[in-house]
Each structure stands twice: as structure tokens, then as C-alpha cells.
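S.K.: Listed below are the residues making up each chain.
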Amino acid sequence: GAVVSQHPSRVICKSGTSVKIECRSLDFQATTMFWYRQFPKQSLMLMATSNEGSKATYEQGVEKDKFLINHASLTLSTLTVTSAHPEDSSFYICSARGGGRATDTQYFGPGTRLTVL
Amino acid sequence: QQQVKQSPQSLIVQKGGISIINCAYENTAFDYFPWYQQFPGKGPALLIAIRPDVSEKKEGRFTISFNKSAKQFSLHIMDSQPGDSATYFCAASRPGANSKLTFGKGITLSVRP
Numbered sequence: 003g004a005v006v007s008q009h010p011s012r013v014i015c016k017s018g019t020s021v022k023i024e025c026r027s028l029d030f031q032a033t034t035m036f037w038y039r040q041f042p043k044q045s046l047m048l049m050a051t052s053n054e055g056s057k058a059t060y061e062q063g064v065e066k067d068k069f070l071i072n073h074a075s076l077t078l079s080t081l082t083v084t085s086a087h088p089e090d091s092s093f094y095i096c097s098a099r100g101g102g103r104a105t106d107t108q109y110f111g112p113g114t115r116l117t118v119l
Numbered sequence: 004q005q006q007v008k009q010s011p012q013s014l015i016v017q018k019g020g021i022s023i024i025n026c027a028y029e030n031t032a033f034d035y036f037p038w039y040q041q042f043p044g045k046g047p048a049l050l051i052a053i054r055p056d057v058s059e060k061k062e063g064r065f066t067i068s069f070n071k072s073a074k075q076f077s078l079h080i081m082d083s084q085p086g087d088s089a090t091y092f093c094a095a096s097r098p099g100a101n102s103k104l105t106f107g108k109g110i111t112l113s114v115r116p
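Here the protein sequences come in this chain order: A and B.
Residue numbering for the first sequence follows our numbering, starting at 3 and increasing by one per position.
Residue numbering for the second sequence follows our numbering, starting at 4 and increasing by one per position.
No lab work stands behind these hints, which were simulated from the structure alone.
Any given hint might turn out to be false.
Simulated crosslink set (EDC-like; lysine to aspartate or glutamate; CA at most 20 Å straight-line) [stated by the list, open to error]:
hint, chain 1, residue 1, chain 2, residue 2
1, B, 103, A, 54
2, A, 43, B, 87
3, B, 103, A, 61
4, A, 66, A, 90
5, B, 45, A, 90
6, A, 16, A, 90
7, B, 60, B, 87
8, B, 45, A, 24
9, A, 57, A, 67
10, B, 61, B, 82
11, B, 108, A, 61
Partial list, computed: chain B residues near chain A (C-beta under 8 Å) [claimed, not checked]:
hint, residue
12, 45
13, 47
14, 49
15, 52
16, 92
17, 108
Keep in mind it's a predicted model, so treat the numbers as computed, not measured.
For each residue, glycine too, the CB sits at the ideal point set by N, CA and C.
Okay, chain A solo, but in the shape it has when bound (with noise of 0.2 Å):
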């Protein structure tokens, strides 16, 4: 099955910092990106879509400039967590869609853990 990576997994960092994670596909290229914020025992809830090469997608109550998304190349996506408080602890997840395969198909990385002190 195809293979989404997750960089790094696990971040631990000081309240008003910035980290940034990274979401690779390995063996196919990835049209559409998606992030998602997991919380301890609830579902996924979606964050933001992004398309390759053009600006993401929020979902309502999402602040797209605490989270800052880039899509820069069909295997690569990027979130960046600005200016980290510590409510922005939690699992996020990145999944990836690609042309070629059934279009419908998303593979999910592994997810990050980020604790903010």
C-alpha cells in the first residue's frame, strides 16, 4: 500500500516557539494533502486541505495564521505550529490523496505528538 511519513514524531517545545512537521508520500505523488488534529480518545477532525502548488483550505474556527500550511511539491507538505501555547498540545496527522490511484483513497502518516510547555 502506498506509504505516508510523518517528521518528527513525537516534539516537545516552549510555549511561543514555532515548529514546523513535515508530511512526505514516498511512493506516489500526492495531489492533495490533508491535516488533522486527533485529541485523546475522539475522532479526527479535519483542519486544512491543501492542493499542491496552491494556498490551503481551513476549516471554520481554524486560524489559518497559527497554522501555516505549504504544499510544495507532490510529495511534500508542511505545517508549522507559530507561536505554540500549550492548548496547541496535542496529535496531529497528516494524510495524502494521489493521482493514479483511486482517487478517493487516503493514506494517513503516523502522526506527530506535540507537547508545548
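Starting from the known structure of chain A, arrange chain B on it as the hints suggest.
M.R.: This is chain B only, laid out in the frame that chain A set:
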């Protein structure tokens, strides 16, 4: 309004038994219904998916049953094993390149040895 509803909220099954998880959806425009399996601290993994032109799809021990008229679909795990203990999410999406998945709340399955 929750567009995809899962039931039960949690499930405990004995090893070797059949686990059945149900999902009901609201939007008749949905045309793709995947199930994802998630272990603690990991990302979800696609388990099996179905489209409404078939009523059942089987892959190994996993079967999706789809009832278009009732707007319901279910996941059956045959010969359940302790390694199947995880959280299961059903989801649905509409057609189109810009479609996005709508997830259910998830159900925790525990398979007892």
C-alpha cells in the same frame, strides 16, 4: 449535525468471535465508505472500503456490508484476535477531487484472549 454515526461506542469480544461495528450516514451524496483502524499513538490505517454499487466486500477476515436504502454500512471482523484490539473509524465522502472524509466518532474494540 453528525453526518456519520457509529455504534456501539465500545465493544468487547472474546477471541475467535465476530466483531460487528455499525455506521449510519445522513448524506445520500456520499459514495465512498472506508473503515480505518487506529492503534494508540499511531495514525489510522485503511482497512477496507466500499462503494454503493456493491452490497458486500470481503478482504481476509474483514467484511463490509452496505445497505443503501437504510443508509447503513457495517464492518464484520471474523475470528477476532487480541491483535485486532484498536479503535475503528468509519468514514464517508462525496465524489470529486475536492471531497473530504467525514469520520464517525470511533469505537474501541477489545478482544479478550
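S.K.: Each hint needs a verdict: does it hold in this structure or not?
M.R.: Now the hints, each set against the structure:
| no. | hint | verdict |
| --- | --- | --- |
| 1 | 103/B / 54/A | holds (16 Å) |
| 2 | 43/A / 87/B | holds (17 Å) |
| 3 | 103/B / 61/A | holds (11 Å) |
| 4 | 66/A / 90/A | holds (14 Å) |
| 5 | 45/B / 90/A | holds (19 Å) |
| 6 | 16/A / 90/A | holds (11 Å) |
| 7 | 60/B / 87/B | holds (19 Å) |
| 8 | 45/B / 24/A | holds (16 Å) |
| 9 | 57/A / 67/A | holds (12 Å) |
| 10 | 61/B / 82/B | holds (14 Å) |
| 11 | 108/B / 61/A | holds (18 Å) |
| 12 | 45 | holds (6 Å) |
| 13 | 47 | holds (5 Å) |
| 14 | 49 | holds (7 Å) |
| 15 | 52 | holds (7 Å) |
| 16 | 92 | holds (7 Å) |
| 17 | 108 | holds (5 Å) |
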